[in-house]
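Engineer: Top to bottom, those sequences are chains Z and D.
Per this note's numbering, the first sequence starts with residue 79, numbered consecutively.
Per this note's numbering, the second sequence starts with residue 18, numbered consecutively.
Which residues of chain Z face chain D? A partial, calculated answer using Cβ under 10 Å: (1) D195; (2) G197; (3) A202; (4) P223; (5) D294; (6) K295.
List time: in silico DSS-like cross-link candidates among lysine-lysine, alpha-carbon distance up to 30 Å: (7) Z:K292 <-> D:K141; (8) D:K251 <-> D:K265; (9) Z:K215 <-> D:K160.
I should point out that these hints are in silico values taken from the structure, not numbers from a laboratory.
Glycine included, every Cβ here is placed at the ideal spot set by N, Cα and C.
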Amino acid sequence: MFNPDMVRLLAQGIWETLYMTIVSALLAYVLGLPLGLLLVVTDKNGICPMGFFNRLLGFVVNFVRSVPFLILLIAVIPFTRFLVGTSVGSTATIVPLVLASAPFVARMVEASLKEVDHGVIEAAQSMGASPWQIVTKVLLPEARPSLILNAAIATTTILGYSAMSGFVGGGGLGTISINYGFYRYQSDVMLVTVLLLVVIVQVFQEIGMRIAAKGDKRSH
Amino acid sequence: MLERGSRMGEIIRINGLGKTFATKENEVVALQGVDLSVEEGEVFGIIGLSGAGKSTLVRCMNYLEKPTDGTVVFDGKELGAMNEKELRKARQSISMIFQGFNLLLQRNALQNVCFPLEIAGIPKKESLARAEEMLELVGIADKKHAYPSQLSGGQKQRIAIARALATNPKVLLCDEATSALDPTTTRSILALLQEINRKLGVTIVIITHEMGVIEAVCQRVAILDHSRVAECGKVEDIFVNPQSEIAKQLIYPQGRREASFHKGECLRIVFDGNSSFEPVVSNMVLACGTAVNILFADTKNIDGQAYGQMLLQLPDDESAKRKIYAYLTSQNIPFKEESVNV
Chain Z
79 MFNPDMVRLL AQGIWETLYM TIVSALLAYV LGLPLGLLLV VTDKNGICPM
129 GFFNRLLGFV VNFVRSVPFL ILLIAVIPFT RFLVGTSVGS TATIVPLVLA
179 SAPFVARMVE ASLKEVDHGV IEAAQSMGAS PWQIVTKVLL PEARPSLILN
229 AAIATTTILG YSAMSGFVGG GGLGTISINY GFYRYQSDVM LVTVLLLVVI
279 VQVFQEIGMR IAAKGDKRSH
Chain D
18 MLERGSRMGE IIRINGLGKT FATKENEVVA LQGVDLSVEE GEVFGIIGLS
68 GAGKSTLVRC MNYLEKPTDG TVVFDGKELG AMNEKELRKA RQSISMIFQG
118 FNLLLQRNAL QNVCFPLEIA GIPKKESLAR AEEMLELVGI ADKKHAYPSQ
168 LSGGQKQRIA IARALATNPK VLLCDEATSA LDPTTTRSIL ALLQEINRKL
218 GVTIVIITHE MGVIEAVCQR VAILDHSRVA ECGKVEDIFV NPQSEIAKQL
268 IYPQGRREAS FHKGECLRIV FDGNSSFEPV VSNMVLACGT AVNILFADTK
318 NIDGQAYGQM LLQLPDDESA KRKIYAYLTS QNIPFKEESV NV
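Isolated chain Z (complex conformation):
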């Protein structure tokens, strides 16, 4: 199987997978980080309690999260076409990937921010900090190690989703695995793509853990 064509195909698959995953993860954080912040800040024990808005936001996040990714992938095809002009290929796959992972990222961000000791927030309030100052000077910096660690988890989850999108022509290693391994019974190709995915997940996870541990001043 290791003829030059297959190697070139796999190399392109790796590139497409990394492209989809990284761009989707970045965009998912562009949406998910503010969403997660809003969930924490407007919580009834948060720094700007807004009960109704918080429950509404929580419901929307849960709603999107409960739609199976494969269904979402197909359901948003018209929206994807509108945005990208096509519904196949790795760029088109970024649209459903971002939509599916942003609420997940929001919950991850929410969990990280809630780890910050309430006493520290209270101390900041007692010094006259505004809600915005608490967000930028307390919540985000204090939760940084946990946010980074969760970003690694979110990225590997997005990687898994991207492989699933291979079923509808999403591109990347997932498509190769399905087209060659599944439809053509080339189990060796399937095995190699799966191994490559395993390696990429390991690398992402390891990088995330190292950056998080290095920046964490609690563990000296």
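Given the structure of chain Z, go ahead and fit chain D onto it with the hints provided.
Structural biologist: Coordinates of chain D only, in the frame set by chain Z:
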């Protein structure tokens, strides 16, 4: 201009303060009809058992908790009448330290002390210089690059104190600030607070459940019991002559044992700073020619002055009793007849 209910020399005035927390099923009353006044430059203590409402009371002083009744006047201005922005500005003059230190764990000592200065919008260079000065004041300038995880409880509280003083506040609220520390560290932190009070003239409000803390540094104390102020006054007055049940309980933690093995008439004598250097009881026994039974004795150092008290069982003989009274009166030693019940 001073508002109603506030007078000169008064930094915090609390009028008819009440706080009720609404839970799903019922309402919990944390504070009820609290009237207090904290004088500028004093060390004021608030003591009570857990659940008495101390922490809620101190949080009402900077409006971290909004009272449901009554008013809080800080430096002549009513906190309840301020908008959010004015309140945040006022809070820069009312600092707070906590039992759990509440330092930013991802910042080192110096950066922690800079934090309130950043909030106040002070230029970085200026705030760094101020932070160094504050760390010097609390005696841990050598730890300025250490992170909280590398420091002991006492060192962390010193950083918290430096941080609280950085913005030059008028009042420092201490919420059980020594409760997580061992006795030696507690003493050193209390000594630091006292030094700050004397050197900088910062008014200090100390919340605690330990009488020892009050005795060591406070000039006046309010005793909180079941959401209300049971007693308020000078520490030595309350120590010498406690009126409320809760005050007696806090001052003689062993009081119950003392009562359980004796019945009948007793005499309580109180020594102030001067007479505690004289052998009062021995002199009295020699002068009156009668024996007394010492049931309880204690001396305490309140704000540098020695205070002692003794509970004596009197002889049954009436004339001997009269002699003792006459002797104590002639020596200017306050005493009080008390019947210790079972």
